[in-house]
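Chemist: Below are the chains, spelled out letter by letter.
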Amino acid sequence: GESVGLHLPTLSVQEGDNSIINCAYSNSASDYFIWYKQESGKGPQFIIDIRSNMDKRQGQRVTVLLNKTVKHLSLQIAATQPGDSAVYFCAEKEGADGLTFGKGTHLIIQP
Amino acid sequence: GAGVSQSPRYKVAKRGQDVALRCDPISGHVSLFWYQQALGQGPEFLTYFQNEAQLDKSGLPSDRFFAERPEGSVSTLKIQRTQQEDSAVYLCASNFAPGLGNQPQHFGDGTRLSIL
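Protein chains in written order, with this note's numbering: chain X, 6 to 116; chain D, 579 to 694.
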């Protein structure tokens, strides 16, 4: 199928290394942030979320950091595996409506 | 349990034809969202339902786009008089309920629409 990673920034990491994917968001009033993973031909898959009253949240092998001062979000993936290859999107939300997605980063895992 | 289901997975139509895309949200999910994803881009919000009420349709690109959710479960996105720029993947997402704080939206695998 067609790749959703065309024309996206690319991050290439060695298998087993840690990956850090960065995202700048635009709306200072956003109160909820979320990271999705999207594989080719699939819909976005939820990874981890964070509310604006937090600056860090950890999941299994993943950590999200939120810096509201500079409107920056990052996703850290520990011990990257081949199955982590995908396009990663950050998204933000203000209130009850839809998400606003960032441009996406294509993560490539080198063996 | 079953996730969000969308049909058809692929749809090819000639310019000027009308199309209808279906979304079955996760059972019990009150909120339903439609997004449009162009190739190489992130999804863009189209419209949002809470039960059968369409609370926000600010993202619909033109009056050729129409969405409904008459019984508060299954939703249909209709595009009339399709044009080539409508070619994209149309994603549906759902989550449990507003008023419980922010929750992740769960996405289907989308319908890839190609207009010839």
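Since the hints were derived computationally from the structure, they do not count as laboratory data.
Check before you lean on any hint, since a few could be wrong.
To be verified - If you want a taste of the chain X side facing chain D, the calculated C-beta under 7 Å gives, among others:
#1 D22
#2 Y30
#3 P49
#4 K73
#5 K76
#6 D102
#7 F106
#8 G109
#9 I113
To be verified - Below 20 Å or equal to it, Euclidean Cα-Cα: the simulated PhoX-like pairs (lysine-lysine) are:
#10 K108/X <-> K98/X
#11 K635/D <-> K656/D
#12 K73/X <-> K47/X
#13 K98/X <-> K656/D
#14 K47/X <-> K589/D
#15 K47/X <-> K61/X
What the hints assert, rightly or not - So the derived label-pair ranges between C-beta atoms look like this:
#16 Q50/X <-> G618/D: 31 to 37 Å
#17 S33/X <-> S605/D: 35 to 41 Å
#18 Q50/X <-> G606/D: 17 to 23 Å
#19 G88/X <-> A616/D: 38 to 44 Å
#20 E663/D <-> A84/X: 41 to 47 Å
#21 K592/D <-> S45/X: 36 to 42 Å
#22 K61/X <-> G618/D: 38 to 44 Å
#23 T654/D <-> Q19/X: 43 to 49 Å
#24 A675/D <-> Q19/X: 26 to 32 Å
#25 D36/X <-> G606/D: 31 to 37 Å
Glycine residues also receive a C-beta, built at the ideal position from the N, C-alpha and C atoms.
Chemist: Taking 20 Å as the top limit, are the C-alpha atoms of K73/X and K47/X close enough?
Modeler: This hinted pair is violated, its Cα atoms lying about 31 Å apart.
Chemist: For the range 36 to 42 Å, tell me whether the beta carbons of K592/D and S45/X fit it or not.
Modeler: violated, 27 Å
Chemist: Would you settle whether the hint for P49/X is holds or violated, based on the nearest Cβ-Cβ distance to chain D being less than 7 Å?
Modeler: holds, 5 Å
Chemist: Classify the hint on K73/X as holds or violated, based on whether any CB of chain D lies nearer than 7 Å to its CB.
Modeler: violated, 15 Å
Chemist: Per the hint of 38 to 44 Å, is the separation of the Cβ atoms of K61/X and G618/D within bounds?
Modeler: Because 31 Å falls outside the window, the suggested range is violated.
Chemist: Hint validation: K76/X versus chain D, beta carbon distance must be below 7 Å. Holds or violated?
Modeler: violated, 17 Å
Chemist: Is the hinted pair K47/X and K61/X satisfied, with a Cα-Cα distance of at most 20 Å?
Modeler: With a Cα-Cα distance of about 28 Å, the restraint between K47/X and K61/X is violated, given a limit of 20 Å.
Chemist: With a cut-off of 20 Å on the C-alpha distance, tell me whether K98/X and K656/D pass.
Modeler: violated, 26 Å
Chemist: Should the hint that D36/X and G606/D are 31 to 37 Å apart at their CB atoms be regarded as holding?
Modeler: violated, 25 Å
Chemist: Does 35 to 41 Å hold as the CB distance between S33/X and S605/D, or does it fail?
Modeler: The hinted range 35 to 41 Å holds for S33/X and S605/D, with Cβ atoms some 36 Å apart.
Chemist: Can you tell me whether the CB distance of Q50/X to G606/D sits inside 17 to 23 Å?
Modeler: For Q50/X and G606/D the Cβ distance comes to about 20 Å; the hint holds.
Chemist: Indicate whether the distance between the beta carbons of T654/D and Q19/X respects the range 43 to 49 Å.
Modeler: 46 Å Cβ-Cβ, so the 43 to 49 Å window holds.
Consistency with the previously given hints fails for numbers 1, 2, 4, 5, 9, 12, 13, 15, 16, 19, 21, 22, 24, 25, ordered from lowest to highest.
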